[in-house]
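Q: Generate the whole structure from the sequences, applying the supplied hints.
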Amino acid sequence: MEPLHILKERKAQIHRKGDAPFALECNKDSLAGAVSQRACVFCGSRVVLYPIADAVHLVHGPIGCAVYTWDIRGALSSGPELHRLSFSTDLQEMDVIFGGEPKLYKALIELIDRHQPKAAFVYSTCIVGLIGDDLQAVCKRVEKEKGIPVLPVMSEGFKGNKRAGYKAACNAMEKLVGTGDTSGISKHSINILGDFNLAGEIWLIRDYYQRIGIEVVANITGDGRIDDIKRSHGASLNVVQCSGATMDLANMMEERFNIPNIRVSYFGVEDMAESLYEVARYFNDAEMMEKARILVRDELETLLPELQQYKAALTGKRAAIYVGGAFKAFSLVKAFRLLGMDVVMVGSQTGTAEDYEELQEITDEGTIIIDDANPLELSAFIREKDVDIFVGGVKERPIAYKLGVAFCDHNHERKELLAGFSGMLNFAKEVYSSVMSPVWQFVPRRAEEEIS
Amino acid sequence: MSKMPNYISTTNACKLCKPLGASLAFRGIEGAVPFLHGSQGCATYMRRYIISHFNEPIDIASSSLGEKHAIYGGSANLKLGLKNVTAKYSPELIGVATTCLTETIGDDVQMIIQEYRDEFQSGAGEPLIVSVSTPSYSGSHMEGFHAATKAVVEQLSSGGERNTTINILPGFISAADLRYLKELVSDFDLSATILPDYSETLDGEALNEYPLIPKGGTPLSAITRMGCSKKTLECGRTLPDSTAGTSLKVNHQVPLTRLGLPIGIRETDTFMSALAEVSGNPVPEKYATARGRLVDALVDGHKYIFGKRAIVYGEEDMVVGITALLAEIGVHPVLCASGGKSGKFKNSIEAVLEGLNCELPEVHENVDFFDIEERATELKADMLVGHSKGYTFSRKANIPLIRVGFPIHDRVGGQRLLHIGYHGAQQLFDTITNTMIAKKQDDSDVGYSYM
Numbered sequence: 001m002e003p004l005h006i007l008k009e010r011k012a013q014i015h016r017k018g019d020a021p022f023a024l025e026c027n028k029d030s031l032a033g034a035v036s037q038r039a040c041v042f043c044g045s046r047v048v049l050y051p052i053a054d055a056v057h058l059v060h061g062p063i064g065c066a067v068y069t070w071d072i073r074g075a076l077s078s079g080p081e082l083h084r085l086s087f088s089t090d091l092q093e094m095d096v097i098f099g100g101e102p103k104l105y106k107a108l109i110e111l112i113d114r115h116q117p118k119a120a121f122v123y124s125t126c127i128v129g130l131i132g133d134d135l136q137a138v139c140k141r142v143e144k145e146k147g148i149p150v151l152p153v154m155s156e157g158f159k160g161n162k163r164a165g166y167k168a169a170c171n172a173m174e175k176l177v178g179t180g181d182t183s184g185i186s187k188h189s190i191n192i193l194g195d196f197n198l199a200g201e202i203w204l205i206r207d208y209y210q211r212i213g214i215e216v217v218a219n220i221t222g223d224g225r226i227d228d229i230k231r232s233h234g235a236s237l238n239v240v241q242c243s244g245a246t247m248d249l250a251n252m253m254e255e256r257f258n259i260p261n262i263r264v265s266y267f268g269v270e271d272m273a274e275s276l277y278e279v280a281r282y283f284n285d286a287e288m289m290e291k292a293r294i295l296v297r298d299e300l301e302t303l304l305p306e307l308q309q310y311k312a313a314l315t316g317k318r319a320a321i322y323v324g325g326a327f328k329a330f331s332l333v334k335a336f337r338l339l340g341m342d343v344v345m346v347g348s349q350t351g352t353a354e355d356y357e358e359l360q361e362i363t364d365e366g367t368i369i370i371d372d373a374n375p376l377e378l379s380a381f382i383r384e385k386d387v388d389i390f391v392g393g394v395k396e397r398p399i400a401y402k403l404g405v406a407f408c409d410h411n412h413e414r415k416e417l418l419a420g421f422s423g424m425l426n427f428a429k430e431v432y433s434s435v436m437s438p439v440w441q442f443v444p445r446r447a448e449e450e451i452s
Numbered sequence: 001m002s003k004m005p006n007y008i009s010t011t012n013a014c015k016l017c018k019p020l021g022a023s024l025a026f027r028g029i030e031g032a033v034p035f036l037h038g039s040q041g042c043a044t045y046m047r048r049y050i051i052s053h054f055n056e057p058i059d060i061a062s063s064s065l066g067e068k069h070a071i072y073g074g075s076a077n078l079k080l081g082l083k084n085v086t087a088k089y090s091p092e093l094i095g096v097a098t099t100c101l102t103e104t105i106g107d108d109v110q111m112i113i114q115e116y117r118d119e120f121q122s123g124a125g126e127p128l129i130v131s132v133s134t135p136s137y138s139g140s141h142m143e144g145f146h147a148a149t150k151a152v153v154e155q156l157s158s159g160g161e162r163n164t165t166i167n168i169l170p171g172f173i174s175a176a177d178l179r180y181l182k183e184l185v186s187d188f189d190l191s192a193t194i195l196p197d198y199s200e201t202l203d204g205e206a207l208n209e210y211p212l213i214p215k216g217g218t219p220l221s222a223i224t225r226m227g228c229s230k231k232t233l234e235c236g237r238t239l240p241d242s243t244a245g246t247s248l249k250v251n252h253q254v255p256l257t258r259l260g261l262p263i264g265i266r267e268t269d270t271f272m273s274a275l276a277e278v279s280g281n282p283v284p285e286k287y288a289t290a291r292g293r294l295v296d297a298l299v300d301g302h303k304y305i306f307g308k309r310a311i312v313y314g315e316e317d318m319v320v321g322i323t324a325l326l327a328e329i330g331v332h333p334v335l336c337a338s339g340g341k342s343g344k345f346k347n348s349i350e351a352v353l354e355g356l357n358c359e360l361p362e363v364h365e366n367v368d369f370f371d372i373e374e375r376a377t378e379l380k381a382d383m384l385v386g387h388s389k390g391y392t393f394s395r396k397a398n399i400p401l402i403r404v405g406f407p408i409h410d411r412v413g414g415q416r417l418l419h420i421g422y423h424g425a426q427q428l429f430d431t432i433t434n435t436m437i438a439k440k441q442d443d444s445d446v447g448y449s450y451m
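Heads up: the sequence lines are chains A and B, in that order.
Okay, so the first sequence: first residue is 1 according to this note's numbering, each after it adds one.
Okay, so the second sequence: first residue is 1 according to this note's numbering, each after it adds one.
Honestly, the hints are just simulated from the structure, not real lab data.
Virtual Cβ for every residue (Gly too), placed ideally from N, Cα, C.
Accuracy of the hints is not assured; some may be wrong.
[As the list claims (entries may be wrong)] Per the computed footprint, the stretches of chain A lying under chain B, defined by three or more beta-carbons under 8 Å from a beta-carbon of chain B, are:
1. 28-34
2. 90-103
[What the hints assert, rightly or not] Now the in silico label distances, taken between C-beta atoms and shown as ranges:
3. B:N251 - A:Q92: 29 to 37 Å
4. A:Q116 - B:K286: 55 to 63 Å
5. A:E93 - B:N163: 38 to 46 Å
6. B:K439 - A:E81: 24 to 32 Å
7. A:T179 - B:E350: 54 to 62 Å
8. B:D118 - A:Q92: 30 to 38 Å
9. A:E93 - B:A438: 42 to 50 Å
[Said to hold, decoys possible] In silico EDC-like pairs for lysine to aspartate or glutamate, Cα to Cα no more than 20 Å straight-line:
10. B:K83 - A:D29
11. B:K79 - A:E9
12. A:K28 - A:E357
A: Below you can see the structure in the form of structure tokens.
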């Protein structure tokens, strides 16, 4: 029996594995009044492009859109840190009435003169889409005057869901790709797509690739640089992480530059190892494959014994997952399994039909699979399944905490390194240190158990 | 006084947008669900932002407008959203705030809501619906907060026979401040309606079940009677001319007294006098003692902070209050800055500094952190006093940051910070003084363990 709080329009977006043949609706607009955990198109674009650290990211709109995204993410840079500043045209009523183009032009010139960036991204917001400011024309003009790429990101909030924002971001980057010099790039070279260098993760991943003899041309976009993206078409392969945030760019590069792509995940032991093997397989290079095997073996030799103590404590505990992209959910299901834990609920904001198909294949009977959820649904399932830990983002955290459930932040906003082999250890530590905290014996949920 | 440069672009804003303030105010009403009429992102971003300060769930519904609604109007989705929120949450009130999107496409929200009532609300048990216009391109979150409070009063309160209750419109203070305020009025033996009151809804207990709507908030029954109260006390020196307080005065002849936020000794004294006057009771012993203890503490600690230079920033009324407190304890506020632009900021600062032998600080409204940092470097401050957003500069310039106001999202307990009353002044004084002592200790070669 489903909890009472599910609206009838939402029923087709929730599935209990084993109840009926699998079918799940997804990639729909969020239902009005349902209190979706999703943001908007602008959010999708901002997530993808934000880590490019030597560009100005100017939000053309009222102040809110810029202010709510000011340095909330953990994307680190090894050099410039322009991405951590929040630039806005702070549109006022008069701008809305008479058009915001003059203000945008002046703001761009001012910021470019002040910061000397390698490029500027200009994000369109709801209001700009409505008043019809010609973003492209202003960008073109400034680009000509200042001699750097000035790229419009057509990310009006209402024009679809977060996935549409990914597309808008890729469209903007597409204008950069192919404009740089590709001389001197090794044939064993890749671009890393879809990693955002949260807590320095891309540095770890780059190191793995370099250890097996691969040159990384561009990080797209974690610790990203404009010049690298410009010459990224010189790489032999695009390695794409995440549920397609940068898939559109990879597809475009395949079409235009004949660069194939593979999809990987860096979370959890199996997926991390498989990512390296898959790249080595692509290059069909025995030496590289051997190096990858040695790397994985070396890393596991240190990691696995350390994981044991956590596994011993966590075996049999139950986890729920609700994340932005479904690809991360696959990895998390496996990572929890490695710790001996059972995943009883899993969902995402932006999964596709294929994503959910795969989720239902890898999960156990009875697991709840859910698309575009909201607080009432999430809390009902967390309670029903009596979970020991909930994995999500900042918006999910208070739902877990209010009910006395442990929580792990595995979203773009986290500040802990969770990718790769050392990330798996961090993940285990975090899950352990939250699940095993004595605080849970005081929360009403467990206190009641003690009594009964 | 040097003039702030007039930049076109905004870098690291020192304000938030209007619908956020409205959402906070609606959250302070019993049985209410805040609802943003706009695209989905607004509600989600604001929820996230509020969560990062209060560490509490906050469900803000959205009409989740898509492209076709932007073209043909958002009426159908607003109605669907109201229907779904009613079905799922069974609220007593839905507080609808508009966004830049719906203001610009020209949705007549009041008319749509009237249509909704006619079409779908059959009478008893249906939620009340209050609407407020909060286009994000005009004003900051504070205008949104006050506008929503005013809308609630205008759309729900009626007049009638006077009773002995008073209305308190405290402005945007912390959950701990609100709890203190409630205790205070009860100690004066007063019956008061405090609007809004998110002291429990945004700082609640651990629970076994997810609350559809968190308990607490100003009761609707009390709001409807606000027009019958014998007096309104409204806090804030930079308030708009037209507020919930003025509306109660104009529409229902409820006498209005406007005061500053009761932060610091003198502003608290004024507030206490007002409570004493309206209640006919003297200031309770407990507060007289607290004041005495505070003054004693100020004497004990004055040497460690006298003449220290402070930069204060944040929402205008909070800055005014903190500035008053700082000057009273001998700290020199050298820059008072806000992203708001009430036009009343400078005069308010001057008013609270009067008679304190304090040189007037630079006062700037409508500024961002780029502006603040530019001036700050020149002003050689010893401390920053404001919300978390000053942390970047604090770190860069190695100037300690004393966190007050909203948002505080790099520390726990922002919602439990007490700013108001003698107790609040005591806590702030201790924090400020100890921060300065710690800084001196950290910077010292010796590291004395006695003061």
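Q: Of all the hints numbered above, which does this structure not satisfy? Sort the numbers upward.
A: none
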